[in-house]
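Colleague: Top line first, the protein sequences correspond to chains C and U. Here our numbering is used: position 30 in the first sequence is 30, and no number is missing along the way. Here our numbering is used: position 216 in the second sequence is 339, and no number is missing along the way.
Since the hints were made in silico from the structure, they are not lab data. Just so you know, these numbers come straight off a predicted model, no measurement behind them. A few of these clues could be false.
Sample of chain C residues facing chain U (criterion: CB under 10 Å; computed from the structure) [said to hold, decoys possible]:
| # | residue |
| --- | --- |
| 1 | 27 |
| 2 | 39 |
| 3 | 41 |
| 4 | 112 |
Each computed BS3-like pair below joins lysine-lysine, with the alpha-carbon atoms no more than 30 Å apart [what the hints assert, rightly or not]:
| # | chain 1 | residue 1 | chain 2 | residue 2 |
| --- | --- | --- | --- | --- |
| 5 | C | 120 | C | 102 |
| 6 | U | 319 | C | 52 |
| 7 | U | 125 | U | 222 |
| 8 | U | 390 | C | 52 |
| 9 | C | 70 | U | 137 |
| 10 | U | 249 | C | 77 |
| 11 | C | 6 | U | 129 |
| 12 | U | 416 | U | 438 |
| 13 | C | 6 | U | 126 |
| 14 | U | 136 | C | 6 |
| 15 | U | 370 | C | 6 |
| 16 | U | 390 | U | 370 |
| 17 | C | 52 | U | 153 |
| 18 | U | 126 | U | 136 |
| 19 | U | 268 | U | 370 |
| 20 | C | 73 | U | 153 |
| 21 | U | 136 | C | 52 |
| 22 | U | 153 | U | 222 |
| 23 | U | 153 | C | 61 |
| 24 | U | 319 | C | 6 |
| 25 | C | 70 | U | 129 |
| 26 | C | 70 | U | 125 |
| 27 | U | 137 | C | 52 |
| 28 | C | 61 | U | 125 |
| 29 | C | 6 | U | 249 |
| 30 | U | 260 | C | 73 |
| 31 | U | 265 | U | 390 |
| 32 | U | 249 | C | 70 |
| 33 | U | 249 | U | 335 |
| 34 | C | 77 | U | 153 |
| 35 | C | 61 | U | 126 |
| 36 | U | 256 | U | 136 |
| 37 | U | 368 | U | 268 |
| 38 | U | 346 | U | 368 |
| 39 | C | 70 | U | 126 |
| 40 | C | 102 | C | 77 |
Where a beta carbon is used, it is the ideal one built from N, C-alpha and C, also for glycine.
Here is how the chains run, residue by residue.
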Amino acid sequence: MNAQFKRGIVELCVLSELVQEDMYGYSIINNISEHIDVNENTVYPILRRLTKEGYFTTYLKESNIGAARKYYKVTEKGFRYYLELREQWDHFIGGVYAILNKGGKKNEEILKRFRSRTEKTER
Amino acid sequence: MKKYLKDLEAELKKLNVSDEEIAEILADHKEMLEEAQNEGISDDEMVSKFGDPKNIARELYEDVLEDDLSQKAEPVFGTESLQGYELMKSIQVLDGLNKVNISLVSEDVIYFPYEGESIEVYVRGKFNEEEYKINFKDGEFKLIKSKGIVSFNIFGKKTPDFGVRIPQCHLENFKLSLVSGEGDIAEIDADVVTLKTVSGDLKVSNITSTTKVEVSVVSGDVKFNNLSSGKLEISTVSGDVSLNKVKLDEGSFMSSVSGDINANSVKVPEIEFRTVSGDFNGQEVYCDTVVLKSLSGDFTIENSNKDHKIEVTSKSSLSGKVTIK
């Protein structure tokens, strides 16, 4: 997949995770990679960039195992950015599905229609 | 884990990332790696979750570089600054750079040496790194569009434009090959300069070559300004080639189907011009001998210094006019 495109999607996923609750880096990566194919080298730079841009703040919190963890927290500005991205995404993906689902969702239906149409023109 | 962090640190240092920033990035990674270890994941899982340290560093570079760039002024190429371009790659040149090879398709390229120590590649527009090979190895810098990659253009992208800066130095070879993109290159100092374009135009200024400059063009126009070389070889189908302030020690061979050669202020011992229907229009062209083969193209030289004799040693022209005055 186009790297730039994927980055944008992962950015939305990161924001979406963090608007639910504050999280530390490793748990964000874990949560997202459960669903889509990403790893640390995509997620970490996004965390870093969005923090620099003021969408996240960070704080340290002791964990019961080992050293303190760095937690990421969405700011007001970050939340507005999330809403904006979410709307763009819904609009875009909705448009894509409207195109893909024209004439039915099932491949058998589409094939049937395709066959009957091509047979007509061949005759 | 120690090795991983070390590798990451080394890669970041190459990019002149500040110590403060490196410390922060390393601390973040140490935390995440420890977390993964505590979880007791296998080595394989570790690799899939964290990737190759080199790749991570590269992905981080991009991010760090973007941050850096926002604080920097735009890079100056010649007398102009590049607006809208972003630094995409910076390669520190440790051992001698002696070859440059740029091969693109529809991308435009601007090329200038500068007083720096790194090769810098700037990009404007949609750029997909997987489609290009950009590296510096064994003294050769390459910027090449990979063949056979069909890009997934979900947002209807146009190809990107490149700006390339290299440290000022003498090269053995400079090669530029374009298909439909336009090139603006300057200040090249090399033994051999090879330029190819199909339909894109080329602007070439201030070239110093010890051996030869070769130009091959199909329908694009090529403009030379300030060129000094041993030999100059031009081959064009229908594109026009213009030469301004050119000095050649050995000679010049020009072949054209229908493209014209326009020369102004040229010094060369010998000109060989072969054409079907292209014209040679020369002003202040001081050569000693001319070898001419033309079907219907005209050959004209007009000089203000009438004392300089030009001898046409071999002439075969069917219907073209030959005027030397």
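Colleague: Hint by hint, say whether it matches the structure.
Modeller: Against the structure, the hints come out as follows:
1. Restraint check, residue 27 of chain C versus chain U: the minimum CB separation of about 8 Å is within 10 Å; hint holds.
2. The beta carbon of residue 39 of chain C comes within 5 Å of a beta carbon in chain U, closer than 10 Å, and the hint placing it at the interface holds.
3. Against a cut-off of 10 Å between C-beta atoms, the interface hint on residue 41 of chain C holds, since the closest Cβ of chain U lies about 4 Å away.
4. The restraint placing residue 112 of chain C at the interface with chain U is violated, with a minimum CB-CB distance near 29 Å, outside the 10 Å limit.
5. Taken as a hint, the residue 120 of chain C and residue 102 of chain C pair is honoured in the structure, with Cα atoms around 20 Å apart against an allowance of 30 Å.
6. For the proposed pair residue 319 of chain U and residue 52 of chain C, the alpha carbon gap of about 44 Å is over 30 Å, so the pair is violated.
7. Our distance criterion of 30 Å between C-alpha atoms is broken by residue 125 of chain U and residue 222 of chain U, whose separation comes to about 37 Å.
8. Distance restraint check for residue 390 of chain U and residue 52 of chain C: the Cα-Cα separation of roughly 58 Å exceeds the 30 Å cut-off, and the hinted pair is therefore not satisfied.
9. For a cut-off of 30 Å, the pair hint linking residue 70 of chain C to residue 137 of chain U stands: about 26 Å separates their Cα positions.
10. Restraint check for residue 249 of chain U and residue 77 of chain C: satisfied, since their Cα atoms lie roughly 27 Å apart, inside the 30 Å limit.
11. A threshold of 30 Å between alpha carbons decides the hint, and for residue 6 of chain C with residue 129 of chain U the separation of about 28 Å falls inside it, so the pair holds.
12. Only pairs whose Cα atoms come within 30 Å are accepted, and residue 416 of chain U paired with residue 438 of chain U is accepted, the gap being roughly 6 Å.
13. Between the alpha carbons of residue 6 of chain C and residue 126 of chain U the distance comes to roughly 29 Å, so the proposed pair stays at or under 30 Å and holds.
14. Restraint check for residue 136 of chain U and residue 6 of chain C: satisfied, since their Cα atoms lie roughly 27 Å apart, inside the 30 Å limit.
15. For the suggested pair residue 370 of chain U and residue 6 of chain C, the alpha carbons sit about 52 Å apart, so the restraint of at most 30 Å is broken.
16. Straight-line distance between C-alpha atoms of residue 390 of chain U and residue 370 of chain U comes to about 5 Å, which keeps the hinted pair within the 30 Å bound.
17. Between the alpha carbons of residue 52 of chain C and residue 153 of chain U the distance comes to roughly 20 Å, so the proposed pair stays at or under 30 Å and holds.
18. For the proposed pair residue 126 of chain U and residue 136 of chain U, the alpha carbon gap of about 15 Å is at most 30 Å, so the pair holds.
19. Distance hint between residue 268 of chain U and residue 370 of chain U is unfulfilled; the C-alpha atoms sit about 34 Å from each other, more than 30 Å.
20. Restraint check for residue 73 of chain C and residue 153 of chain U: the C-alpha separation of about 20 Å stays at or below 30 Å, so the hint holds.
21. Note on residue 136 of chain U and residue 52 of chain C: the hinted pairing holds, with a Cα-Cα distance of about 20 Å set against a maximum of 30 Å.
22. Distance restraint check for residue 153 of chain U and residue 222 of chain U: the Cα-Cα separation of roughly 40 Å exceeds the 30 Å cut-off, and the hinted pair is therefore not satisfied.
23. Among the hinted pairs, residue 153 of chain U with residue 61 of chain C is consistent with the structure: their alpha-carbon atoms are about 16 Å apart, no more than 30 Å.
24. The hinted pair formed by residue 319 of chain U and residue 6 of chain C fails the criterion: a straight-line CA distance of about 35 Å is larger than 30 Å.
25. Pair hint residue 70 of chain C plus residue 129 of chain U holds up; C-alpha atoms about 21 Å apart against a cutoff of 30 Å.
26. Of the pairs offered as hints, the one joining residue 70 of chain C and residue 125 of chain U holds, with about 20 Å between alpha carbons and a cut-off of 30 Å not exceeded.
27. Note on residue 137 of chain U and residue 52 of chain C: the hinted pairing holds, with a Cα-Cα distance of about 22 Å set against a maximum of 30 Å.
28. Proximity of residue 61 of chain C to residue 125 of chain U is assessed by CA-CA distance (about 24 Å); at most 30 Å being required, the pair is judged to hold.
29. Between the alpha carbons of residue 6 of chain C and residue 249 of chain U the distance comes to roughly 14 Å, so the proposed pair stays at or under 30 Å and holds.
30. Using a Cα cut-off of 30 Å, the hinted pair residue 260 of chain U and residue 73 of chain C is violated, with the two alpha carbons roughly 43 Å apart.
31. About 33 Å separates the Cα atoms of residue 265 of chain U and residue 390 of chain U, which puts this hinted pair outside 30 Å; it is violated.
32. This hinted pair does not check out: residue 249 of chain U and residue 70 of chain C have alpha carbons roughly 34 Å apart, beyond 30 Å.
33. Using a Cα cut-off of 30 Å, the hinted pair residue 249 of chain U and residue 335 of chain U is violated, with the two alpha carbons roughly 36 Å apart.
34. The hinted pair formed by residue 77 of chain C and residue 153 of chain U meets the criterion: a straight-line CA distance of about 29 Å does not exceed 30 Å.
35. Between residue 61 of chain C and residue 126 of chain U the alpha-carbon distance is near 27 Å, which keeps this suggested pair within the 30 Å criterion.
36. Only pairs whose Cα atoms come within 30 Å are accepted, and residue 256 of chain U paired with residue 136 of chain U is accepted, the gap being roughly 23 Å.
37. Note on residue 368 of chain U and residue 268 of chain U: the hinted pairing is violated, with a Cα-Cα distance of about 33 Å set against a maximum of 30 Å.
38. Only pairs whose Cα atoms come within 30 Å are accepted, and residue 346 of chain U paired with residue 368 of chain U is accepted, the gap being roughly 11 Å.
39. Using a Cα cut-off of 30 Å, the hinted pair residue 70 of chain C and residue 126 of chain U holds, with the two alpha carbons roughly 22 Å apart.
40. Distance check on the hinted pair: residue 102 of chain C and residue 77 of chain C sit about 38 Å apart at the alpha-carbon level, beyond 30 Å; violated.
In terms of the numbered hints stated before, the structure departs from hints 4, 6, 7, 8, 15, 19, 22, 24, 30, 31, 32, 33, 37 and 40, listed from lowest to highest.
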